[in-house]
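Novice: What follows is each chain in one-letter form.
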Amino acid sequence: MTPAAAVTVHRWNRASIVTMTALGLLVLVLAFGPAIFGATLTDRMTTLFAYVILAAMWNALAGYAGLVSVGQQAFFGLGAYAAVKLSHGGVEVYLALVLAPLIVGVLSLPLSSFALRLRGGEFAIGMWVFAELMHLLVNLDGLVQGETGTSLIALSSFGPDARRAFNYWVALAVMLALVAAVFFLLRSRTGAAIQAIRDSEEAAASIGVRVMATKRLIFVLAATGCAAAGAITLSTLTTFQPKTYFSVQWTAYMIFMTLVGGLGTFEGPIVGAVIFFIVETVFGAQGVWYLIGLGAAALLFSLFLPRGIWGVLTDRFGIALLPVGYRLRFADATKRTES
Amino acid sequence: MPRVLTAVGITKRFNAFTAVADVDFHLDANEAVGIVGPNGAGKTTLLNVLAGSYPPTAGTVTFGGADVSRSNAADRCRLGIARSHQIPRPFGNMTVFENVFVAASMGAGAAREQAYDGSIESLRLCGMLAIANRKAETLGLLDRKRLELARALATGPQILLLDEIGGGLTDAEAAELVTIIRELRGRGIAIVWIEHILHVLLQVVERLVCMDAGRIIAQGVPEEALAHPAVVEAYLGSGVT
Ligand SMILES: Nc1ncnc2c1ncn2[C@@H]1O[C@H](COP(=O)(O)OP(=O)(O)OP(=O)(O)O)[C@@H](O)[C@H]1O
Ligand SMILES: [Mg+2]
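Protein chains in written order, with this note's numbering: chain A, 1 to 339; chain B, 1 to 241.
Please keep in mind that the hints were generated in silico from the structure rather than gathered at the bench.
Since this is a predicted model, take the numbers as computed values, not measurements.
Every residue, glycine too, gets a C-beta built ideally from N, C-alpha and C.
A couple of the hints might just be wrong.
What the hints assert, rightly or not - Covered stretches of chain A, going by a simulated chain B footprint (3 or more residues, C-beta under 8 Å):
hint, region
1, 52–58
2, 187–193
3, 209–215
Stated by the list, open to error - One-sided excerpt, in silico: chain B residues whose CB lies under 8 Å from chain A:
hint, residue
4, P55
5, R78
6, G80
7, R151
To be verified - Here are the computed distance ranges between Cβ atoms for each label pair:
hint, chain 1, residue 1, chain 2, residue 2, range
8, A, E202, B, L142, 20 to 30 Å
9, B, N39, A, S302, 13 to 23 Å
10, A, M212, B, T179, 52 to 62 Å
11, A, L305, B, R3, 23 to 33 Å
12, B, E183, A, T21, 39 to 49 Å
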């Protein structure tokens, strides 16, 4: 037998180090976005950052924890609503946009005790019901004036260029923080436990995984993230109409981005968000046919390419740019696996 | 040897059906006990109650002097009760190593580097190191059973509850399994092993518990337990060799 030292665990590879470096440079360039891009593109990029957050959150929830929710618009809407409320209550507007998701994250904690008792389809539908309920409740708030809505008036104290740039920077920073949070959570020991729960909850419990607490972690993270995307969207639209924010279309977008990019791969949904962004830019995001086209594409992907674009790439070429898993390497070449 | 596990008056009902009826069971430190009985005797159900997979209808389970009747499977595992599943439950989308790594980091509560070492050690012992990078869903039944064992082992148990991990093995593989289990006993782990393949089981255990219809019908030194009239009757035509 080979000594223990002959087997080593590897997580990063050369490609992932190159990727991290490239991403670092990309972020550096993006940081100067408002100076480089024109007004329209800066606004569009802000929207893209929100999409990347949404895709990463739905993927963390469904792809890694096996929690398929069709009610994530609840948090998206609550994030925007909380920002409106905070700002109305006198909190500095950009601080409000950043605090709002944290508040929604805290509020999702008691909800998780109920929601996570539901299984599979029950959870999915239960979350939708919750989203509808939140929509109704928010409509009751006098500040919102029902479906007439309200707006983030405090933003108008900034000039259009300053506002555009601040929106962009907040979105960029929040996206980086959230995507990094998901990445490092999945790479942690808890991240492996999350995936174990997805594959067999019973087996996970039997090897010491505290199922409820672990699921709760990812549930709260996803709620916070979706709320952040809602707050970012509010900053670009400035108006808050409940039915726009609590619409199931947001979850449909998340599902599309995740399925096309690759459910349960870390990189895939980010690629999916970029694809969705391009599709939306080209087709103008208008009308029934656009939504039908998105639905059909998501359906075709789940039927014929269930691992998504990125899943196919990793399966075929074994690339893992941002790996969350573990590989063993054997010093003794004869012990190498067939894979 | 001190007693590590005591179960008193265990009853488990599924609706009107009683799967386990008022069973007393105990295990000493480093002891190896076999559980045999015809299909449907309640062996797996008893094991599930001991491991905390579901609560008993009646009865208490004590482990290491503490009442664990109310603690769930995860907490019992962290305390030192590990189990394998009769029908393997691999984490299919994860690699073999990752399967075991979760057990080492959560069940044994090991920090990252120790969890690596513990996982590699478990895989080596169970002869799975060479396929550590394979996705668990690609494994055949025998390797899935081995993975159950490797995973349970990686949690650093004091007692190991095994449910039919020997079925379908060739003679050579069975001999290998016996070697592994003996090695575990050498490390001070107590074993409860449910197994239909008697000649394999008898190479390891020093006490045999015979169950039928939810009850213990005989127990003791293997030869004596097997010679008990109730056992002979329960086994008539049941195909146990
Ligand atoms: N979750 C459950 N719900 C209803 N009935 C159950 C459940 N689990 C077990 N049973 C029933 O309890 C009885 C005992 O089952 P158990 O699995 O404990 O038997 P066993 O001795 O392990 O049998 P085998 O040798 O076939 O594995 C069986 O009749 C089974 O159908
Ligand atoms: Mg059984």
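Novice: Evaluate each hint against the coordinates.
Specialist: Hint check results:
1. 52–58: violated (count 0)
2. 187–193: Held - the region 187–193 of chain A has 3 residues with a Cβ nearer than 8 Å to chain B, which meets the minimum of three.
3. 209–215: Coverage by chain B holds for the region 209–215 of chain A (3 residues, Cβ < 8 Å).
4. P55: Since chain A brings no Cβ nearer than about 13 Å to P55 of chain B, farther than 8 Å, the hint is violated.
5. R78: 5 Å, holds
6. G80: Because about 10 Å separates G80 of chain B from the closest Cβ in chain A, which is outside the 8 Å limit, the hint is violated.
7. R151: Nearest chain A Cβ about 6 Å off; hint holds.
8. A:E202 with B:L142: 20 to 30 Å: 21 Å, holds
9. B:N39 with A:S302: 13 to 23 Å: At 40 Å between Cβs, range violated.
10. A:M212 with B:T179: 52 to 62 Å: Since the Cβ atoms of M212 of chain A and T179 of chain B sit about 39 Å apart, the hinted range of 52 to 62 Å is violated.
11. A:L305 with B:R3: 23 to 33 Å: 57 Å, violated
12. B:E183 with A:T21: 39 to 49 Å: For E183 of chain B and T21 of chain A the Cβ distance comes to about 46 Å; the hint holds.
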